Amino acid sequence: MKSKVALIFGYNDYALEIAKNIKHNYKEVYLYSLKSQEDSYKNSSEFEIRSFDLSDKWGDIDEFVDFESSIAFCVLEDSAENIFLTISLRSVFQNLNIIALSNNKETANKLKMAGANRVIPLVQTTAEMISEMMEKPIVKEVFHNILFENSDLKITQIKMYKKSIYLGKKISDLDWERHGIIALSIVLEGGRNEFIYASKIKNYTVKEDDVFVVVGYERDILEFEKRIGSDV
Amino acid sequence: MNFLRRRIVDFAYFLNTADAYQRKKQFFYNLLENNKFGHKKYFDFFMIALIFFSVAILIVEVKSDVPEYVKFFNVYVISIIFLVEYLLRLWTSSSVSEVIINYSEHDTMLGRKFNLFRAFLKIVKTKFEFILSPQALIDLLAILPFFHELRLLRLFVLFRVFKLFRYTARFRVFISVLSTKKFEFLILLMFASIVIFVSSVLVYVMEANNPKSPINTLFDAFYWSIVTIATVGYGDVVAVTTEGRIVAIFVIIAGISVIAFTTSIVVSAFSEKLDEIREMKTIDDIRTLKHFYLICGYESVAAEVASKLKSDNLTIIVLDESQERIANAKKDGLIALNYDPGNVESYKKTGIDFDMQVKSVLCLRESDVENVYTTLTVRSLSKKVNITSLLMDDINRKKLNFAGVDEILYPKGLVGLISKELIGRPVAFEAIHALRNDYYGVNIEEILIDGRINENIHYVGELLNANFKIVLLGIYKKDKKRFFFNPLKDTMLESGDYLLVIGKGTFIKEFERYLHKKSRV
Numbered sequence: 001m002k003s004k005v006a007l008i009f010g011y012n013d014y015a016l017e018i019a020k021n022i023k024h025n026y027k028e029v030y031l032y033s034l035k036s037q038e039d040s041y042k043n044s045s046e047f048e049i050r051s052f053d054l055s056d057k058w059g060d061i062d063e064f065v066d067f068e069s070s071i072a073f074c075v076l077e078d079s080a081e082n083i084f085l086t087i088s089l090r091s092v093f094q095n096l097n098i099i100a101l102s103n104n105k106e107t108a109n110k111l112k113m114a115g116a117n118r119v120i121p122l123v124q125t126t127a128e129m130i131s132e133m134m135e136k137p138i139v140k141e142v143f144h145n146i147l148f149e150n151s152d153l154k155i156t157q158i159k160m161y162k163k164s165i166y167l168g169k170k171i172s173d174l175d176w177e178r179h180g181i182i183a184l185s186i187v188l189e190g191g192r193n194e195f196i197y198a199s200k201i202k203n204y205t206v207k208e209d210d211v212f213v214v215v216g217y218e219r220d221i222l223e224f225e226k227r228i229g230s231d232v
Numbered sequence: 001m002n003f004l005r006r007r008i009v010d011f012a013y014f015l016n017t018a019d020a021y022q023r024k025k026q027f028f029y030n031l032l033e034n035n036k037f038g039h040k041k042y043f044d045f046f047m048i049a050l051i052f053f054s055v056a057i058l059i060v061e062v063k064s065d066v067p068e069y070v071k072f073f074n075v076y077v078i079s080i081i082f083l084v085e086y087l088l089r090l091w092t093s094s095s096v097s098e099v100i101i102n103y104s105e106h107d108t109m110l111g112r113k114f115n116l117f118r119a120f121l122k123i124v125k126t127k128f129e130f131i132l133s134p135q136a137l138i139d140l141l142a143i144l145p146f147f148h149e150l151r152l153l154r155l156f157v158l159f160r161v162f163k164l165f166r167y168t169a170r171f172r173v174f175i176s177v178l179s180t181k182k183f184e185f186l187i188l189l190m191f192a193s194i195v196i197f198v199s200s201v202l203v204y205v206m207e208a209n210n211p212k213s214p215i216n217t218l219f220d221a222f223y224w225s226i227v228t229i230a231t232v233g234y235g236d237v238v239a240v241t242t243e244g245r246i247v248a249i250f251v252i253i254a255g256i257s258v259i260a261f262t263t264s265i266v267v268s269a270f271s272e273k274l275d276e277i278r279e280m281k282t283i284d285d286i287r288t289l290k291h292f293y294l295i296c297g298y299e300s301v302a303a304e305v306a307s308k309l310k311s312d313n314l315t316i317i318v319l320d321e322s323q324e325r326i327a328n329a330k331k332d333g334l335i336a337l338n339y340d341p342g343n344v345e346s347y348k349k350t351g352i353d354f355d356m357q358v359k360s361v362l363c364l365r366e367s368d369v370e371n372v373y374t375t376l377t378v379r380s381l382s383k384k385v386n387i388t389s390l391l392m393d394d395i396n397r398k399k400l401n402f403a404g405v406d407e408i409l410y411p412k413g414l415v416g417l418i419s420k421e422l423i424g425r426p427v428a429f430e431a432i433h434a435l436r437n438d439y440y441g442v443n444i445e446e447i448l449i450d451g452r453i454n455e456n457i458h459y460v461g462e463l464l465n466a467n468f469k470i471v472l473l474g475i476y477k478k479d480k481k482r483f484f485f486n487p488l489k490d491t492m493l494e495s496g497d498y499l500l501v502i503g504k505g506t507f508i509k510e511f512e513r514y515l516h517k518k519s520r521v
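Going down the list, the protein sequences come from chains A and B. Be aware that the first sequence starts at 1, since it is given in this note's numbering, and climbs by one per residue. Be aware that the second sequence starts at 1, since it is given in this note's numbering, and climbs by one per residue.
Calculated directly from the structure, the hints in this document are not laboratory data. Remember, it's a predicted structure, so these values are computed and weren't measured experimentally. Do not rely on the hints blindly, as some may be mistaken.
For the chain B half of the interface with chain A, some residues (derived, Cβ under 10 Å), not all of them [claimed, not checked]:
1) Ser264
2) Lys412
3) Val415
4) Lys420
5) Phe429
6) Tyr476
Pairs of lysine-lysine residues, derived as BS3-like cross-links and limited to a Cα-Cα distance of at most 27 Å, are as follows [stated by the list, open to error]:
7) A:Lys136 to B:Lys398
8) B:Lys509 to B:Lys469
9) A:Lys202 to B:Lys489
We put the CB at the ideal spot given by N, CA and C, even for glycine.
Use the sequences and the hints to build the structure in full.
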């Protein structure tokens, strides 16, 4: 039977951190290793280690993975192998959501070309975080709490449904702040993210299926969603 | 005699332990000798100005009359200032009281009677070492124009120019670079001296008895020899006999070699010392900086951090023990020094003042061992400075904390957290990511409410941020370490609060200007 699982390719600290953080979102989390015997021996984590190679033999995965809802992480330490793995997965599984880790911009571009849906540029992300710690420590702390910690303040996506009272209104006329919510951006057709503070979209008219990224306290967001008849 | 001896030793101890005396002595020492001392540059400028003034008067005096008061200033006031400076240098060059104490303690330990005469000889010897040093001799000669009635002594004003060496570090560098080639210059000097001596004698012998020759004395021959070997060739004194001209040919050839040799020595001295000179210049520049980030270790994360901070016009200094990595940092346009960040000596040599100059130390080696080592070194020099470090293996977190790191960034953990966000709220995560990185021109900024702003703006409603198309995300109360999201209009603002605002970068700047402008009203 096919189920929603997370496949993490590569057995290293990155893989274990990812597994630890996403285990509640998936029915099963499997770690795939190129040296599964050796890694199984030293594995002290709760996750099962499976074997794989780069030979395009994905028969067993095909049997139990629901590709619509599952996810694959490519975190092999060797960049060339990681790119090869990504292209190999994409060539076989068209609908699989693939997130890959890259060490530099060049690898990030190649991973995208190889078919990764998202790439985490490790060096860049770390550097961004450090420079934000230096320049905007409060922004860093607040967003870190909103994104990664169990804060009451949440950032979430709200979708506009048919019966929403905001359909047909201009973005500049939205008054969500009085409901305790601040809208940050809108996802336009094609997945393009536009900040609602950008002057070029201030006259945009809200349409059905538009998705807004909002910040607010959990209870305010839930109440607001009820008000506009939306699901998260 | 015993009584006198005891009184002298007592007085020496008194001077050595008198705070006021030692403070004053240290102050004058710093003013005269310590390049790191803030006031020294003003003193140096003042002395340089006096020197140029003095030389200018000497030049003007040749053909014009100089007012009496200017002469008085030049001869007496400047000379007295130089005399005082000379005496201060003599005083601070060594400690008389310390010599007496050392000799007294030495003799007491050996059970001997304190030999005042030996201590006196040592003091005289030490002071004479200073008096006879080239720089002190120049100082002394520069005072001599005081006795201006002796016309020749007036020319000693020119010795004041040599004093410039004391006040300008660049001159000292020039001399020190050339002094590295002392041996080569000595060989060259010997060669030139032999050529000059032999050619002078030869040309004198060949030319002196020829009535048509302008070389009649040994001094003429010597003068001709110098002018020829230097390849100057004025032409006022020339050899007229065939024998004399043959000598001239040899001297000219020797002259070309001397000039070529001299040039090559100077060039090689500078090229060998070029890196050192550049390093000294960099260190000088660092000493003048007010605030900068110190990056210890220049690897991939450090390069990316430096590029981001640099793009925001922040000053960054990089220290790394690897020449290759330092070369990369320099290629990236950064101020970089090839010093080991884990070594206390590196900070002594560079004169970095952590408490006054460094905004934050970033230990960004991709090795926990190196980062712990650097942290301990920096912490041993400053308890206050903020230290942020990379953590490569979570098992070492405690060690970094124990070493004294204020903030730790663990990239592997970050990847885990980001992965969670990417699968849960991908759009929201992307939005925040774009906002933090100023994509699309929309930015999030923190604005400090200082006392001046707070004098005029007391409540959130008075901020009028909507007029600037800016959204107030919230207020961060630093003392309470709490963030108040979407505050109500009647929320009170206090000095020290931070506003977190979102909007176009230009509008945020305008809003900030408005807040400060309003605070001036």
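Checked hints:
Of the supplied interface hints, the one on serine 264 of chain B is violated, with its beta-carbon coming no nearer than about 46 Å to a beta-carbon of chain A, more than 10 Å. A hinted interface residue such as lysine 412 of chain B counts as satisfied when its beta carbon comes closer than 10 Å to some beta carbon of chain A; here the least separation is about 5 Å, so the hint holds. Look at valine 415 of chain B: its Cβ gets to within about 5 Å of chain A, closer than 10 Å, so that hint holds up. At a threshold of 10 Å, the smallest CB-CB gap from lysine 420 of chain B to chain A is about 4 Å, leaving the interface hint in force.
The interface hint given for phenylalanine 429 of chain B holds, since its Cβ lies 7 Å from the closest Cβ of chain A, which is under the 10 Å cut-off. Among the interface hints, the one on tyrosine 476 of chain B holds; its C-beta lies about 5 Å from the nearest C-beta in chain A, closer than the 10 Å criterion. The hinted pair formed by lysine 136 of chain A and lysine 398 of chain B meets the criterion: a straight-line CA distance of about 26 Å does not exceed 27 Å. The suggested pairing of lysine 509 of chain B with lysine 469 of chain B holds, with an alpha-carbon distance near 12 Å, which does not exceed 27 Å.
Taking the CA atoms of lysine 202 of chain A and lysine 489 of chain B, the gap is near 24 Å; set against the 27 Å cutoff, the hint holds.
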